Structures are given as structure tokens and as C-alpha cells.
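Below, each chain spelled out in residue letters.
Number of protein chains: 2
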Amino acid sequence: MEAGINFFPDVHHRDKAADRYFAECLELVELADGLGYHHIRIVEHYFHQYGGYSPNPIVFLAAAAARSRNLRLITGAVLPAFNHPLKLAGEIGMLDAISGGRLEVGFARAFLPHEFQRFGVDMDTSRARFDEGVDAVRRLLTEEDAAFDGRFHSFPSTTSLPRPTQRPHPPLWVAALSSEQSFRRAGELGCGVMANPLAADTLRTYLEIYRTAWQAAGHPGRGRVMLAFHMHCAPDRRTAEARAEEPVNAYLRSLAAAASDWTSGASSADYPGYRQMIEKLAADDFHSVRARSAALVGTPDDVVDRLWEVHDRCGGFEVASLQVNFSTLDPVLAAESVALFGERALPRLRAERGPGPRAA
Amino acid sequence: MEAGINFFPDVHHRDKAADRYFAECLELVELADGLGYHHIRIVEHYFHQYGGYSPNPIVFLAAAAARSRNLRLITGAVLPAFNHPLKLAGEIGMLDAISGGRLEVGFARAFLPHEFQRFGVDMDTSRARFDEGVDAVRRLLTEEDAAFDGRFHSFPSTTSLPRPTQRPHPPLWVAALSSEQSFRRAGELGCGVMANPLAADTLRTYLEIYRTAWQAAGHPGRGRVMLAFHMHCAPDRRTAEARAEEPVNAYLRSLAAAASDWTSGASSADYPGYRQMIEKLAADDFHSVRARSAALVGTPDDVVDRLWEVHDRCGGFEVASLQVNFSTLDPVLAAESVALFGERALPRLRAERGPGPRAA
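Chains as they are written, first to last, in our numbering: chain A, 21 to 380; chain B, 21 to 380.
Chain A with its partners taken away, still in its complex shape (with noise of 0.2 Å):
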């Protein structure tokens, strides 16, 4: 198993400047690619505490790459709908470029209702959107003298520069929150698929039906599998929760905050079922999530268990995104953690087990 770093900002904008924010975030950077992690990743949202200070992953990503040597760069995620597929493609080949190939491009639907009023986009195109966008920006990266003829975007005769220094591409993800059919177009379209820790139970059968689909459309191999955890560990597990649940809660309550259209009137067909999940999410707190091994939060190898339970319990992951410096945790804390993850868990989770999923 690989784990990497997932920078998700949940900060107010009242009480951390985005420059102090991106300074220690880079000061992590450079302290996991000593560490030998596997990737750094952050989002694209807008316009409210929760995600907002990331509208391009690509730019913050485009920084990493500057002060590390290593690390895998992924973004997590870019979001079709907001973006002109030209404009997308385009960036992948630069960032692919300044990052000498490092780069992993995942992308999302969007989920947040303010985000898609503001953009004057409707939510009911979602879907389409999503697989439109990655349609074309799929092929302007593989092909040159791409034209492309869509529902949202058309364009003739295109090559995007620049050309992608991974050929045909850099490896694609896919975001996929809680329904089937999400796990089971990651499968199709033969990219790598990223979620988070559901229920042991409900997280195998998506990831089943993701691994179903994936062979099914004739793809090498069986996929690939990230899940994103909220982590931070010390030298002792009174510690690492005292100083990790009320950091925890204030990032759920700005998720829930976010996402609060949901539970006061918004609804999309694109989007079923939603409304009750965010509904659930807004009744989360450090307890529910600790106990759904959402958040990992303990010594190293409390949070190395942990990463192993599931591994088993849902067929097995091949790739664990940390959320480290979440909300209000003190950076110097968060810094710790990293370090220390790196020092004691990461040895342990390359050397425990092959690759692949062990029987559970």
C-alpha cells in the first residue's frame, strides 16, 4: 500500500491568510517527498471556507512540484464541469511538463449546489458534463488534430499543447462518493477510482462492481483503488485524539456548512439519494467517522492497523490519501505527524504485505 498526503483547506479565510496556509502546506511538501510518500493531492472548490482556497488544483500543484522531487501529483479533483475542456488539457500538459511526468489527473462531478448556482451551471447536467469533459479532454491529450463535437463543448480541429510528457497520458482517476454507477464508469472507462471509507460492506460491492466493470471493458489488470482518511498520529494514542477531535469536528461542520443546500432544498436528478447522505455527514463527529475508520487518529501503528483492517475488510486499496493538516490542527502538529507517519507507518505499510488484496 502507498499513502500520500491529501491537502483539503477547511480554513476561513478570517482566520488563516491563504499565504500562511500555502506556505506550511508546501513546508509539508517538502517533508513528505523526503519521507518517501507517495503522492501530495488537493481539490478544486470555491467560495466558501470548506475547499475554497483551492479553485485550481493544477496551480498549488504546479508549487509542489517546484520544492519536491519525488511525489506523485494529483489532483483531487479537477471538476469538468466548471472547466473548459481546451483550458483543462492544456494545463495537464503543462503541469505534466513542470513536474518532469509526475503527474495523476482525477476527476469529479461536483457535488456542492452553491458552487454549480454560481457558475450558472445546472446540476441536472452533472452527469453529462462529467462525461463529456473527460471524453474530450481525454482525447486532446491522446491525439493531435482532435476535433470534438459535444452537448457543452465543441471545437475543430485542436492539438493541445503542450503534449503530455507521460504517453498517451498521465494515469487518470476518478471520483466516485456513493452510487454504483459512479465505481461502475470508473471501471469502464478504465481509470483509477477515488473514495472514501464507506461501510465495510457497501464499500466491497462498489469496489466490486468498479473491479467487475473494469475487466469487463477488457482494461489490464484490476484497477486501482485510493480512499481518502482524515490522519494524524503521535507518540501516543491519548495524544494524537486529543489533539485531532475538535480539528476533526470543525471540518465536518464546514462540510456540512458547504453542503447545506442539500438539506434546505436542492435536488437534482443527476444526484439521487443525495440529500439523505449529506444529511448523514452533517450528523458526523469524530466519533462516527473514527469509528468508520474515516479518521485515523492514534500512534503509527494504531493508524498502520487500522489502514490494514480496511484494506481487508472492502477486497483491498492500493493507494491511502491522508488529509494531515485539517482545519484548526496546529501546523507544527501536523508537521509531526507527518514526519512520524513516514518514520514508523510508511516502512511497515510498503513491507507488510505484496501487492494486491489479501484474502479477508
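Simulated from the structure, these hints should not be mistaken for lab results.
Predicted model only: the values in this text are computed from it and were never measured.
Errors might be hidden in some of the hints.
Pairs count within a copy or across copies, as identical chains cannot be separated in the list.
Below 20 Å or equal to it, Euclidean Cα-Cα: the simulated DMTMM-like pairs (lysine to aspartate or glutamate) are [unchecked claim]: (1) K36 - E164; (2) K36 - D350; (3) K300 - D221; (4) K300 - D281; (5) K36 - D165; (6) K300 - E208.
Following the hints, position chain B against chain A.
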């Protein structure tokens, strides 16, 4: 006078892969930062050898910010015609933060028909899109809870994030090529003006229009003028000439090719006189651009003398932006030229005159 570096990629993707191109640029960034250059700058262009490696200048500048400490980072320029203002304002906030407040934002109208065609944007809306885009982005940077109702883009009350590190926003520039209206507009807006060395009398006239408009609009001071040059220096003049001639010519050929739509039928009421201007540019060569000081080639002292000559003839300008690694020029020679100019020319440029223009 301050001098910085303008990266204008004009390499074909079959001649030089983008990872190599950007690695060379980032080496020059470190070199320039250590030598006290004022800025680095990069364009937004698409789909063609002429500029197409840089479809989003903010992506490269983010990497450059991470490789430098003091350089100003200037978009030269971003194009409102092809960018959503919500996206652009967010990226500006990110880069201003990542660079610790070193960003300056240049806007331009775009002028290449093949770019408008592929984005499906009518060239006759160019000026209106530019005006609206600059207005929308400036409001998003300056105000929280900004609502906007435009011809091309509208959004309800929105707080763009991250809020800019520089308050109320990074310094703004407007590119002006060859119309009185563009220079006047830059002055009215209170933005710096990015221009090219035109015939001396013409440039003096336009800059007077700019400064008059600046003062009439009640802005303090006299504005800020940046001129762009090709520059190559070597310890002796003959060597500099021998090295620069063919790369300058190659650059001019790629400009002519990218703009060839203008001489084969494109026309737009938003671009009066463009066909004739492009025809003139297409007839340029090393000798003609040198004659009008658009290319500065010689010893460091030659280049400084010529910069002051342009300065005095046009009524003064504040910033020289130097294209140093153009087209086929050997990157080792480009680095030598940047080092030599930094050591020999920058101290003279800084020491010889006070701020402001000298009477011609």
C-alpha cells in the same frame, strides 16, 4: 529602470518537449532571482508553436514562485476572452498567496484568430469581453459578496477565494499593441501598460495618451510602462549578433505563422488595421527589429545604451521585459546572456538615472 525576463515559448513540440523547455526556464528563474532581476513574465497562448506551451501563465508562475524569493511574477498576459472570471480571480488569489504577494496581473484582449475559433468566441466581442472580464475580476478581487450581471458572465453575490495577499489586489497591467484606444483605456483603468517598441514617435504619442488618460481619471502618479524586447548579450558584439540572428528570425517566422489568418481573410471590427499590422510584422527580420530596438543584441553596454535611448525617445518607461531564451537559441547561451546582463547591465540600469523620465 527595472529589467525582468519574459518567457515566450516559441518552440515546436517536435523540436523540444515541454518538460525540457520548462526545466530550462526554471533554471533561468533561479539564476535571475539571484541576480536581482525585477520579474519573470509569461504569456497565455494556445495550440501553436507561437506561445502554445503556456495556455495558463499562472501554472508556470506558481512553479517559478516556488523556485524564487524576490522576483515579481507577471502574467503577460491572461486573456479574459477565454477564461471565466470566477476561475481567473480564484487562480490570481492562489498565486498571490503562494508567491507571498509577488504577483502582478497583466490582461490582454488576445489577437490570434485560431484561438478565438477553437474556443468558439466571436472576435467582434473581443473588446467587450476584455472590458467586462477585467471589471469582473477586479471586483471579485476587491470586494467580498460581489454580484455581477454582465453580457458574457453573471454571478450572484460571491466571495472569491483566496482573498488576495496584496490589498486591495495585485498590481494590474493592460497590454496595448497599436491602437490609441488601448493605451487610453489602460490609463483610464489605472493599470500599468505593457507595450512593444514601436517607431519612436508613435510610441511617444501613445504613451502621452496613456499618461493623459491616467491623470484625467484622477489616478496618482503617472502610471507605469513596460516595454518588451528580445535581448541577447555576449562579451563582444559580433558574437552576440552571430548567436541571436537566426533565433530571432525563427521567432518572427513563428509569429507570422500563428497570425497568418489575418493575412488570409480574418477581419474584425474590434481589430481595425490588424491585417496591415500583421503584414508588416510578417515582413520583419533580425535587421528590421534591431533597427527599431525591438531586439537588443550586443555587449551589455550596447544593450543598456539602447534601452536608455528608447527610454528618452518615448518619454520614459519603467520596466523592460526581456525575451532571453527565444526559439532555437541554445539554452546555455541564453543562461550566459542572462548572467552577463545581470552582472554588467542591471547595476548600470539601476544607478544611472533616478526614477521617472529624462528630458529627451
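Results for each hint:
1. For the homomeric pair K36 and E164, the shortest alpha-carbon distance between copies (16 Å) is at most 20 Å, but the shortest distance inside one copy (44 Å) is not.
2. When the C-alpha separation of K36 and D350 is checked against a cutoff of 20 Å, the pair qualifies only within one copy, where the shortest distance is 12 Å, while the shortest distance between copies is 45 Å.
3. Taking identical chains as interchangeable, the C-alpha atoms of K300 and D221 lie at most 20 Å apart only when both belong to the same chain, with a minimum of 17 Å there against 70 Å between chains.
4. Only within a single protomer do K300 and D281 lie at most 20 Å apart by alpha-carbon distance; the minimum there is 14 Å, versus 57 Å between protomers.
5. Proximity of K36 and D165 under a CA criterion of 20 Å is satisfied inter-copy only: 19 Å between copies versus 45 Å inside one chain copy.
6. Taking identical chains as interchangeable, the C-alpha atoms of K300 and E208 are never at most 20 Å apart, the minima being 29 Å within one chain and 53 Å between chains.
In this structure, the one hint that does not hold is number 6.
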